[in-house]
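Residues -24 to -1, 1 to 921 in mature numbering (1 follows the signal peptide of the UniProt record, and there is no 0) are what the sequence shown lists, from first letter to last.
These are calculated hints, taken from the structure and not from any lab test.
Ideal Cβ positions, reconstructed from N, Cα and C, are used throughout, including at glycine.
Take the hints with a grain of salt, since some may be wrong.
[To be verified] List time: in silico EDC-like cross-link candidates among lysine to aspartate or glutamate, alpha-carbon distance up to 16 Å:
{"no.": "1", "residue 1": "Lys601", "residue 2": "Asp529"}
{"no.": "2", "residue 1": "Lys574", "residue 2": "Asp480"}
{"no.": "3", "residue 1": "Lys510", "residue 2": "Glu500"}
{"no.": "4", "residue 1": "Lys742", "residue 2": "Asp639"}
{"no.": "5", "residue 1": "Lys388", "residue 2": "Asp858"}
{"no.": "6", "residue 1": "Lys349", "residue 2": "Asp336"}
{"no.": "7", "residue 1": "Lys619", "residue 2": "Asp529"}
[As the list claims (entries may be wrong)] Okay, the calculated beta carbon distance ranges per label pair:
{"no.": "8", "residue 1": "Arg195", "residue 2": "Met416", "range": "46 to 52 Å"}
{"no.": "9", "residue 1": "Gln469", "residue 2": "Pro170", "range": "31 to 37 Å"}
{"no.": "10", "residue 1": "Arg240", "residue 2": "Asp163", "range": "25 to 31 Å"}
{"no.": "11", "residue 1": "Ala645", "residue 2": "Ser799", "range": "23 to 29 Å"}
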Amino acid sequence: MKHLLRGLFIAVLLICCNFQSVLAQPMQQLPVDKNVRIGKLDNGLTYYIRHNALPEKRVEFYIAQKVGSILEEPQQRGLAHFLEHMAFNGTKNFPGDETGLGIVPWCETKGIKFGTNLNAYTSVDQTVYNISNVPTENPNVVDSCLLILHDWSNAINLADKEIDKERGVIREEWRSRNSGMLRIMTDAQPTLYPDSKYADCMPIGSIDVINNFPYQAIRDYYAKWYRPDLQGIVIVGDINAEEMEAKLKKVFEDVKAPVNPAERIYYPVSDNQEPLIYIGTDKEVKNPSVNIFFKHEATPDSLKNTISYYASQYMLSMAMTMLNNRLNELRQTANPPFTNASAGYGEFFLAKTKEAFSLDASSKVDGIDLAMKTVLEEAERARRFGFTATEYERARANYMQSAESAYNEREKTKSGSYVNEYVNNFLDKEPIPGIEFEYMLIKQMAPNIPVEAINKMMQQLITDNNQVVLLAGPEKEGVKYPTKEEITALLKQMKSFDLKPYEDKVSNEPLISEDLKGGKIVSEKAGEIYGSTKLVLSNGVTVYVKPTDFKADQIVMKGVSLGGTSVFPNDEIIDIAQLNGVALVGGIGNFSKVDLGKALAGKRASVGAGIGNTTETISGSCSPKDFETMMQLTYLTFTSPRKDNEAFESYKNRLKAELQNADANPMSAFSDTITSALYNNHPRAIKMKENMVDKINYDRIIDMYKDRYKDASDFTFYLVGNVDLEKVKPMIAKYLGSLPAINRKETFKDNKMYIRKGKYKNEFAKKQETPMATIMFFYSGTCKYDLRNNILLSFLDQALDMVYTAEIREKEGGTYGVSCNGSLGKYPKEELVLQIVFQTDPAKKDKLSAVVVEQLNKMAKEGPSAEHMQKIKEYMLKKYKDAQKENGYWLNNLDEYFYTGIDNTKDYEKIVNSITAKEVQDFLAKLLKQNNEIQVVMTMPEEAK
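Modelling step: build the complete structure from the supplied sequences, incorporating the hints.
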């Protein structure tokens, strides 16, 4: 069977007679970005090193391994993932015992947070570890991170005791992730991959193996597969690349090349003449879904670094974009044939040795037949008649805009972006020519590949053989699914579907056709908060503009006014709950959502509205060149919500489909119980049910929306980014100055939706396919809203995270993780809440709940340890420094300052450095003394445990 590239480019060349010289030789090799040092040591280890200035004084360390769960023997199922966990539990230079700190505690002393900056993942064919956002000020820290990569490469300890402790953690990870969909996908593998290694390769593996494997089994796997010829080191950041290369060579010189290494086989996936079909049901799956694959040979690595491959990726991207646009259009119809649908091209499900054109759809409970037929019809329509010139024009314009933006940001690109490119180059040979060459190539290539070439390629994507279908749905009485025979018949009918060509409805209408008079800037004052300039317009609108040079191609915007949904009565709660979903469902101005997408082709500007409990907001972002478009969208979003009954019907039908079987997921019952426990059945604390959907009043929602945005005089706007103040002032005056103003004076209303006081516990049993207990502790009380208390809360959150990780995850092996989240709110009244949630084996729930409470009380009596305080300070100060160079950070600071009066930057570092363990202790003790504790526990019925 041919891979897609073979013959494809010849077809393109036949169609395109005006190719530029760069495209004249399709098999010409692409260059490799000159800014990255790539080398290979004598032992076979590959490395990529690059100096990159952003983030400043930070560096990323990655080790990628061409190793994953596919290489396990049956008796090792799950050990690739288990080994990834063990890499954090003791290595040669970071033993984690009385002789020295382990990797996690050492990293956290340097502000490198476990889970956030220090992490790893295991998949079927690869395992990747990372130490991210490492401070470079201290060379010893950088050297030690290189040493961690060395240890991960070949010096993980794998001590008996640590292995046994980790069994419990992985058991709980399996328990928390073993969803209905995962069960179906696991059961489907032997059908999708007959007589193949891929028939049983999910990384979580076998729980029986996890519980019982002998210690030597994981050591054998480690010795066999973790070796330098299968490993790639990627280091990118604010470092001297030449010096780093010399250090890497020295650190890794003791890693020996393997003698007679086992062959790293990439297991093939066989072709199939008749469709492979798996139909699976599960009681905990909410909605039916279908994945349809048309398999193709994978592109050989040897062809990936060519002009031909690059062009094929562009063409595939265009085809998928246009097909997805058509599917999205169908989703907006009054009776949509599916709730969601998409098309894509990439690896075939779990296997990288086959590629596939895929069609995915989900539907209401009894709608999967129609959903499946519709996506097949749309794919066949595109194959038979192709795409139109106007569709392609828009898709290409958006692609070119995205490439231009990446090029404009080339001096502002963050290290993580390069890391991802180099990891993909090492693992999958994806090309890395550098943005300068890519942009030049795209500019020459895209205009010279006509729509006929895309259509030619589309004809190759749908194959008569190599078809695979995975259908999943709820196991529910009365629900019927198509049989394998019916699905096979449908696939065979594709070429005889009765179809007409797609008609692309195009309008050249401008976003705003009326002639706006605009307003005037009546005052301008530089040197305002955070170095902003304050503009006041003639209609009362206030605008704060903060120019930055953090990103070349970004301006972010937010406009805020007080009031929100709080001003509407409780008995309108259904409309309140659906206000944000429904108000703009019909689009804005004269444009439906679909038409607006078409009108904005090639532009980088977006605007959205959101009405919360206390505020109404407008948020947007744009490229500097598209600032006027963002202003036009802002004007229309304010003044012209478009009513569209068909779009509203579509929304209702999709919402009903989403809600009709929502209770199949056990977590739905847990969430409902929490809402009831917290708010004591307050009328505003409702959960949408299917029978409420027809009670949504579209006209009333439009009226509510208009009421919230009919007076711009009390709106304050913030603009942050690459803003040229003199250039944007006329546009601000024209569009924001044209917004309506009635000068009403209003604020939000307190509807007394308060959290329940006192002690309350609700423990209930719910049948679950995987036995599990989910436990939440919730503490609330009054607390002054200021910067110091917000910082104290962050200290408390992080300290509890560390304690519970040590006590419940590591020591007890009782959970995959305990989540601690606190929040301090100012409106409608000052209130502090602390939430602690975890999942575990029902048999352990009481014991572990006691540990949670015991450690919480201990924290309130003794405060965090000195070690934890130091780690938290390091991380918070590092994070604060990084945030200084983010537009979003300053936008949020402006918003916070004018909403609550709090300056989040004033003396921040001084406060963090001054916080003591005693203060954190007192902060928690004050909360607990208020005696407001809610506990919700969902467990299994006795007979089902």
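Hint numbers the structure violates, sorted upward? When the structure is compared with the hints, numbers 7 and 9 turn out to be violated.
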